[in-house]
Amino acid sequence: MVFRMESALAGFDLMTVNEALESYWEQQDLPLPKLFILQLVIEELVTNMIKYAGDGPNRWVRIVLETGSADMQLTLTDNTARFDPLAAAEPDISLAPEQREIGGLGLYLVRRKVKSLTYAYIDGQNQIQAVI
Amino acid sequence: MNIKKSQENNVVTFALSGRLDTITAPELEAELKQAWAAAPVHLVIGIEALDYISSAGLRVLLMAQKKVTATGTSMRITGCSDTIREIFDVTGFADIMTIE
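Chains as they are written, first to last, in numbering that gives the first Met the number 0: chain D, 0 to 131; chain F, 0 to 99.
The following block holds chain F by itself, in its conformation from the complex (with noise of 0.2 Å):
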């Protein structure tokens, strides 16, 4: 997986692709926490390059959105694939998530 990273103002973006599982989570959990060490932020999370996301995938995402809840941010993520949306709908992550 494949990791690109902007920030402006208190919005962070990240770009992925590739693979989201068990193997490359943990970068994805690092990069994210580094991200919010500082102060809160608004997270943006760009998939269109994503081709696959397993349940070590979906943990990171889950501790992501906490983490927005409770500092009062917000987290967006954004061109999911048709194939992935149906892991955010099976497993009820697109009724908490915004997902576009």
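Here chain D stands alone, though its shape is the one from the complex (with noise of 0.2 Å):
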């Protein structure tokens, strides 16, 4: 099975692809640790892809799950700006809180919860592929 959404990124509204995924987990009766997971992965990534690369006008996001198989995948594609996750620079989560800056967790996490992330940047296009 697939779930397929697609969003302007000027006034994404996370609540409703939220409420989407949950009413598609519950017909299919999918495991719910999962869906913690695809949430996060998903609002991480747009959350980043609206403050980096900006929402004008004719931004958009597609969001493609499929979820056949015991492991999802999972394809963002965006017309952003070229970003690759996968370089982004991991914050040092070793050091005490008054030194640890607030931020760059996001990504981080998301490498950390996925089985596998890859990035592609094609035709003017980032497509970001995560295993979860």
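Treat each hint with caution, since some may be false.
Stated by the list, open to error - Far from chain F, some chain D residues (derived; all Cβ distances over 12 Å): (1) S22; (2) Y23; (3) R61; (4) T66; (5) G67; (6) T74; (7) L75; (8) F82; (9) D83; (10) A95; (11) L108; (12) D122; (13) G123.
Unchecked claim - Taking lysine to aspartate or glutamate and the EDC-like style, the derived pairs with C-alpha atoms no more than 16 Å apart in a straight line are: (14) D:K33 x F:D81; (15) D:K112 x F:E85; (16) F:K65 x F:E28; (17) D:K112 x F:D81; (18) D:K33 x F:D50; (19) F:K65 x D:E97; (20) F:K65 x D:E5; (21) F:K66 x D:E97; (22) F:K66 x D:E100; (23) D:K112 x F:D88.
Honestly, the hints are just simulated from the structure, not real lab data. C-beta atoms are modelled at their ideal positions from N, C-alpha and C, and glycine is treated no differently.
Make the complex out of the two chains shown on their own, each in a separate frame, by following the hints.
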């Protein structure tokens, strides 16, 4: 089965995406821990797109999730500026609280919570694939 | 997300339920800032009914931890579920915060 959703980045509504995923999860009777990871990955990656690449009028993101096997495959495609999440610097998580930087944890969490993550830039579009 | 707040002397207790994410983290940030506006306080953050946390929520908790460290007070996070504990573990928050 495939879940598919496309949205303009201007006014991207995380709550609508989450509700659509929750209803798909219920219909397909899928395991809840994977929903947590999936929602986390989508929130972190899309928030990052908007923060760094802008949410101009013609910017969009497409979410495609294949849930047919135990390893689910998420593909996020967007037409924002080229950005490779795998190349982002990792935060130092061993520092004391007063030294730790606020921020930078989103992509780190994504990298740690998925089974694999790949990035490609194809025909002017970023394509991130995550196995969950 | 729902936030219930109570205060006894210099201890402010928050009970969070629902989702602490990009949408709701600013609400908690505003509540925390209000809590320590008058004087340094100890914080207890109950997350027994919290279903979800993203980096936006972690950012607010780290900000609160920095604040209590700087003011010589304390912060306790209570009622942590296994799912959310995993997030605290991989981000190293479990090492710098009191999580029960």
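> What hint numbers does the structure not satisfy?
Replying inline: 10, 11, 20
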